[in-house]
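**Q** Listed below, chain by chain, are the residues.
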Amino acid sequence: MEKILEKICTDYEKHEGNIISLLQNIQNEFGYIPEDAVIWFSRKLDIPASRFFGIVTFYAQFHLTPRGENIITTCCGTACHVKGSERLINGLLKELSLPEGESTTPDKEFTLERVNCVGACSIAPVVIINDKVHGKMSADNLMKEVKKLKESGIEK
Amino acid sequence: MGTGGVAAGGSEVMDAFRKQLRGKGIRADIKKHCSVHRVGCRGLCARDVLVDVISNDRKTTYQYIRPEMVEKIVTEHIIGGKPVQDWVVSEDYHKFHDKQIKVVLSDCGIVDPEDIDSYISVGGYEALKKVLSTMTPMVIIDTIKKSGLRGRGGAGFPTGVKWEICNKEVSPQKYIICNADEGDPGAFMDRSVIEGNPHAVIEGMIIGAYAIGADKGYVYIRAEYPLAVERLKNALKQARANNFLGKKILGKDFSFDIKIKLGAGAFVCGEETALIASIEGQRGMPRAKPPFPVYKGLWGKPTVINNVETLANVPYIVRKGADWYSSFGTEKSKGTKVFALTGKIRNSGLIEVPMGIPLREIIYDIGGGIENNKKFKAVQTGGPSGGCITADMLDIKVDFESLASVGSIVGSGGMVVLDENDCMVNIAKFFLQFTQSESCGKCVPCRIGTKRLLEILDRITSGKGREGDIELLEDLAGDIKATSLCGLGQTAPNPILSTIKYFRDEYESHITKKKCPAGVCRDLLSYMVLAEFCKGCGMCKKVCPAGAITGERKETHKIDPDLCVKCGACFEACKFKAIGKG
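Protein chains in written order, with the numbering used here: chain A, 424 to 579; chain B, 23 to 604.
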């Protein structure tokens with residue numbers, strides 16, 4: 424971990440010392456923002472850890488806990504909302520048996536996220552599964568996709 | 023190949039064409055429809071994947087193309103010379119385009135967004151050459167002022183005036199920022215412009231930088247738009263290679279370069295002072311204005327912030343003249359505006375229309391009317407800061423002043439069409455949920471006020487509304503508008519005020535009758551099987567996620583109200599309209 428952090432630190436000094444870019448780099452490396460990484464940078468750069476956490480919790484993009492193997496992002500924009508995105512989310516919550524208030528399944532297989540708008544409103548409702556955009560999604564098709572992912576997870 | 027087109031299978035179709043053409047030994051030059059229509063630049067995203075075949079100067083457009091259909095097109099049309107009539111776009115496709123006037127989108131659909139030469143071949147970067155060789159900064163500013171171009175991000179501030187103020191500021195360092203933090207849900211104009219024709223934005227930015235005297239620029243763009251970011255990066259690289267960016271641009275004494283800053287997912291960062299804080303690497307919280315960014319912006323230096331669409335207009339204005347641009351539009355709102363037309367509309371997609379066009383023409387001529395022949399209820403414009411326009415106001419002109427006069431706004435250009443099945447209280451709640459969770463928390467009226475508004479709406483939509491709630495909403499909304507620090511809070515109550523103004527009866531029905539007239543609010547609904555229509559096909563039972571439906575095949579089914587989660591899946595699945603709600 425230390426080596427990776429050192430590298431990120433060099434980049435940070437090269438790029439005008441922007442904390443957001445620094446955190447984006449940490450997240451690119453680890454998939455989330457590990458608390459240890461923040462503490463390490465806080466000591467190294469002599470910036471209070473609270474400033475890092477202030478930024479991490481401000482922006483929706485940053486995560487403080489590890490995320491699942493598969494990431495399902497449902498769009499909750501206006502067009503998707505009127506075309507039934509809520510029903511898709513409820514279906515997913517049930518299919519993945521996500522505990523109340525959690526976004527990642529206990530086995531770390533799935534993470535369910537909501538995004539304000541992905542700007543593909545003409546094919547609403549939109550669901551992004553592992554970076555692939557699926558338009559005009561129906562609850563049925565979505566459950567099929569999730570089942571496929573579950574099966575491939577078991578094979579692995 | 024924009025986000026929408028890729029999702030619809032754009033790349034697969036293109037691969038299929040390449041394969042077929044290679045397989046048949048034809049050396050044909052397929053026009054890459056890149057961003058264009060697939061992004062929606064050509065507009066009609068609802069018909070994706072669209073394919074143009076141009077042979078002997080005749081253009082044929084196909085709709086809903088899937089990879090397996092490609093072989094037939096190649097054999098019959100490209101080789102045989104006979105278009106496959108069944109797949110050609112219908113008449114309403116042309117109707118969709120007839121009333122549109124394209125400036126910003128004029129080259130979207132024609133140029134390949136990943137190839138600078140393609141943009142140059144249609145006159146790209148000529149405006150920049152003209153500016154650097156024949157125009158002084160003041161002449162450019164005058165041209166932009168004369169064109170009447172106003173900011174396309176929402177507020178509608180005259181662009182030329184903004185540039186002039188910044189130009190007159192004396193400072194060793196100035197910045198120009200392109201605001202591509204398109205956060206309004208239901209809006210995708212900026213994404214489509216960048217994905218469709220990134221060089222127009224870059225060219226506009228360089229001209230702007232020259233006009234105000236900046237040598238550094240930033241594009242602040244949402245990380246949620248990966249394809250746009252990639253195309254922009256590629257375009258910047260090509261522009262540098264051609265010396266449109268960098269030191270001594272085109273041999274003149276003017277240097278300028280652009281950096282990309284990725285947004286980290288905060289709606290409030292579309293507000294200019296919050297955006298600046300975010301570029302500086304801080305929490306994206308707005309500060310009080312004045313001083314405005316043109317005086318004290320990024321790192322305290324004079325900074326111009328323009329929206330993507332605003333900047334993309336600039337090269338065309340410089341090339342074709344201010345008079346040409348101002349010939350479109352109304353007296354106070356000049357030019358054209360790009361709108362994202364979505365929701366319950368037949369032809370959803372991206373459109374560009376002259377300012378002042380009647381709303382009816384947008385909905386019925388361009389949009390083709392309401393989906394599934396439902397009844398039109400309202401158009402929501404301006405996203406979470408905007409309001410609704412109802413059926414009896416359909417003849418209103420779409421421009422800055424007219425929309426403001428009925429309590430809505432042009433905003434960034436999202437237009438969501440609602441039909442009889444949409445509950446206006448639910449729509450207001452949807453926007454409040456959005457603004458409440460996106461409130462940065464710096465000022466009290468917005469942080470706590472939006473929360474209270476949302477609680478009241480929650481109460482109303484769950485059947486616990488009280489007498490006097492509507493007045494309380496209006497009262498609180500007025501206070502929040504008057505006292506919030508930035509645009510987010512000042513406009514957050516608009517969706518509530520506008521829906522109360524035009525759909526007060528729906529609020530009253532929720533509160534006094536505990537009924538949702540549109541049948542949306544779950545707690546006020548119950549589903550039942552209508553025995554006289556039920557054929558016992560079992561479809562509802564199959565789709566029910568809660569196992570609440572029982573019944574033998576070919577016999578009338580039953581819904582257990584205790585198990586029913588009111589998701590409405592059975593209602594939509596039933597082919598015999600045998601599920602009732604009320």
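Wrong hints could be hidden among the right ones.
Derived DEER-like restraints, expressed as beta-carbon distance ranges [as the list claims (entries may be wrong)]:
1. F453/A <-> T578/B: 24 to 34 angstroms
2. K269/B <-> E425/A: 34 to 44 angstroms
3. E136/B <-> E425/A: 37 to 47 angstroms
4. G602/B <-> F453/A: 51 to 61 angstroms
Note that these hints are calculated values from the structure, not bench results.
Quick caveat, the model's predicted, so the values are computed rather than measured.
Here a beta-carbon is modelled for each residue, glycine too, at the ideal position from N, C-alpha and C.
**Q** Check the following: the C-beta atoms of K269/B and E425/A are separated by a distance inside 34 to 44 angstroms.
**A** With Cβ atoms ~39 angstroms apart, the hint holds.
**Q** Between E136/B and E425/A, does the C-beta distance stay in 37 to 47 angstroms?
**A** holds, 39 angstroms
**Q** State, for the Cβ atoms of G602/B and F453/A, whether the hinted interval 51 to 61 angstroms holds or is violated.
**A** holds, 52 angstroms
**Q** Using the C-beta atoms of F453/A and T578/B, is the stated range 24 to 34 angstroms upheld?
**A** Between F453/A and T578/B, where Cβ atoms are some 56 angstroms apart, the hint is violated.
In summary, the structure is inconsistent with hint 1 from the numbered list given earlier, while agreeing with all the others.
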